[in-house]
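**Student:** Protein chains in written order, with my numbering: chain A, 1 to 355; chain B, 1001 to 1228.
FYI, nobody ran anything at the bench for these hints, they're computed from the structure. Please read these numbers as outputs of a predicted model, since none were measured by experiment. For glycine and all other residues, C-beta sits at the position ideal for the given N, C-alpha and C. Among the clues, some could well be false.
To be verified - If you want the footprint, here are the derived chain B segments under chain A, 3+ residues with CB under 8 Å: (1) 1052-1059; (2) 1144-1150; (3) 1181-1192; (4) 1220-1226.
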Amino acid sequence: MEKELWKGNEAIAEAAVRAGVNCFFGYPITPQNEIPEYMSARLPEVGGVFVQSESELAAINMVYGASSAGMRAMTSSSSPGVSLKQEGISYMAGAELPGVIVNVMRGGPGLGTIQPSQCDYFQATRGGGNGDYRTIVLAPCNIQEAVDMTQEAFDLADLYRTPVVVLADGMIGQMMEPIVWHDVPKRELPPKDWAANGRRGRDHNNFITSLRMDAPDCEEHNRALQRKYDLITEKEVRWEELDTEDCEILITAYGTPARIATSAIEELRAKGVKAGLFRPKTVWPFPSKRLAEIAAQPSLKAILVVEMSMGQMVEDVQLATKCVKPIGFHGRPGGMFPSVEGIMEQAEKLLKEVQ
Amino acid sequence: MSTVPGWMTACRLTALVGHSGSGKTEVAVNMTVALARAGVRMALADLDIVNPYFRSRERRDILAELGVRFVASSQALVDADVPALPAELNTLLQDASLRSILDIGGDAGARVLARYRHQIQAQPHEMLLVLNAHRPRTRTAEQAIASLRQIEATMGLRMTGIVNNTHLCGETEVKDVLLGAALARQVSDQTDIPVVCHCAARPLAGRLPELDAPVFPIDIYMKKPWER
Chain A
1 MEKELWKGNE AIAEAAVRAG VNCFFGYPIT PQNEIPEYMS ARLPEVGGVF VQSESELAAI
61 NMVYGASSAG MRAMTSSSSP GVSLKQEGIS YMAGAELPGV IVNVMRGGPG LGTIQPSQCD
121 YFQATRGGGN GDYRTIVLAP CNIQEAVDMT QEAFDLADLY RTPVVVLADG MIGQMMEPIV
181 WHDVPKRELP PKDWAANGRR GRDHNNFITS LRMDAPDCEE HNRALQRKYD LITEKEVRWE
241 ELDTEDCEIL ITAYGTPARI ATSAIEELRA KGVKAGLFRP KTVWPFPSKR LAEIAAQPSL
301 KAILVVEMSM GQMVEDVQLA TKCVKPIGFH GRPGGMFPSV EGIMEQAEKL LKEVQ
Chain B
1001 MSTVPGWMTA CRLTALVGHS GSGKTEVAVN MTVALARAGV RMALADLDIV NPYFRSRERR
1061 DILAELGVRF VASSQALVDA DVPALPAELN TLLQDASLRS ILDIGGDAGA RVLARYRHQI
1121 QAQPHEMLLV LNAHRPRTRT AEQAIASLRQ IEATMGLRMT GIVNNTHLCG ETEVKDVLLG
1181 AALARQVSDQ TDIPVVCHCA ARPLAGRLPE LDAPVFPIDI YMKKPWER
């Protein structure tokens, strides 16, 4: 198959088109602007709907509406814009509506910087809005994966009737890499017989709402949602490992820092330091079970978590491993990257400390 | 001191334009470095008002070492997404003793040149279209010419040359450069705009066959944070 050179944001948009997205609603913000820009030209070509909404709130509520009618709908934004969408995402989770939300993260808090970051990990993996809910969170580390995950996100959203977040740092959105447009495996999906898209011969109207006034009913709804999240945790958790069989130091990172960590691991190995990589591809559900297994390996001396934040995923690593091995953290917040040298230095320092 | 090929010294003012992601910045930095190393008094302007990342400003250090005058909007303005242009740009357009290269943003980014159209037209200048045949919207001659005409309309200036910069980042092979050379040839034949050079990363450049225009061996300056 022929390789093409795509920019991350454009590739995510085209992937959504190939996944059959019917509607895109969004509001501009750097560093994700190429997604709505691409969609504005491309969606009309395939009979889809593009709306540049008046705000992020409007965009996510348009996704709610279109999804209620059974459409494949998506929105994209970057950190501050995704904060604005949290209410709508919570309502979608409550109303059990599928939808895809792409967050091309930039440095925060507040308006922060347009440079890349991973500071929205907590927001993405803990629900983000009000209420007891989770969203599936896919975390690509290259453009090919961003393309594949975006396509899969629509199937996952429809299968579980839940919002799915594609969590990319700004680098994934802005950089260019060769990709191949190959067929992504499709899920078998149930019919959308719940959609509010006309009576269609049914004996009842379909209502879409997150409002559950009756407390016992609302409790049962929460328990049903939890059963769904348990099922997702059982079936959809994904990760990648590199050189974990014999490693004495395990670097855990997702997205761009995982790429930088891979270069650091190569150089550490060349120096005789047995380093390995654990890269969650779903950050919710988090690959806790497998990480705990690696942490228990007798050869493993320490874990170094690398993030473009002040330390968020590190808490999931602590929870997953129950801190059976010392856990170090190396983070660059505010739009800065960890360097290969910086990771090597921290890994070697941590190993020295535990020896 | 190295020598530079004739196509690079055709005139003192060159703007690099093209479809988004065609590699204008990499070509601009490489041309600037090649000319500066040959002892030419150089200036490079980063006038990209479209892209927030992978900007020629990130290579300021190398340019400073070579004594290149570097012109860009303040970082604060760029990171605030304000499409402001540096006043110092006028120096590059007026000072005939400077060899100036303008690094322009993709597609609509060419609009920054519209404002300076009359100043540019008043002197010998080059508008080089940077072309990558592996980019999704410039894969055929028809698409590439549509993009070229669109950019010409945006800036109100005519293209004077084509730079084949076809690559797949670190996965580029000889066949990719040749694919781009064939596309550049087709575009050239249909528009009468000459192909001025074919870019290829230095290790690849030596393996290319004879082509219709000189090969420009380039070094990769715009690296990703994990690339060494």
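**Student:** With a cut-off of 8 Å between beta carbons, are at least three residues of the region 1052-1059 of chain B near chain A?
**Tutor:** holds (count 3)
**Student:** In terms of beta carbon proximity below 8 Å, does the region 1181-1192 of chain B have 3 or more residues touching chain A?
**Tutor:** violated (count 0)
**Student:** Taking a Cβ-Cβ distance under 8 Å as contact, does the region 1220-1226 of chain B have three or more residues in contact with chain A?
**Tutor:** Per the Cβ count (3), the hint holds.
**Student:** Do three or more residues of the region 1144-1150 of chain B come closer than 8 Å to chain A, measuring C-beta to C-beta?
**Tutor:** violated (count 0)
Of the numbered hints given earlier, the model fails hints 2, 3; all others are met.
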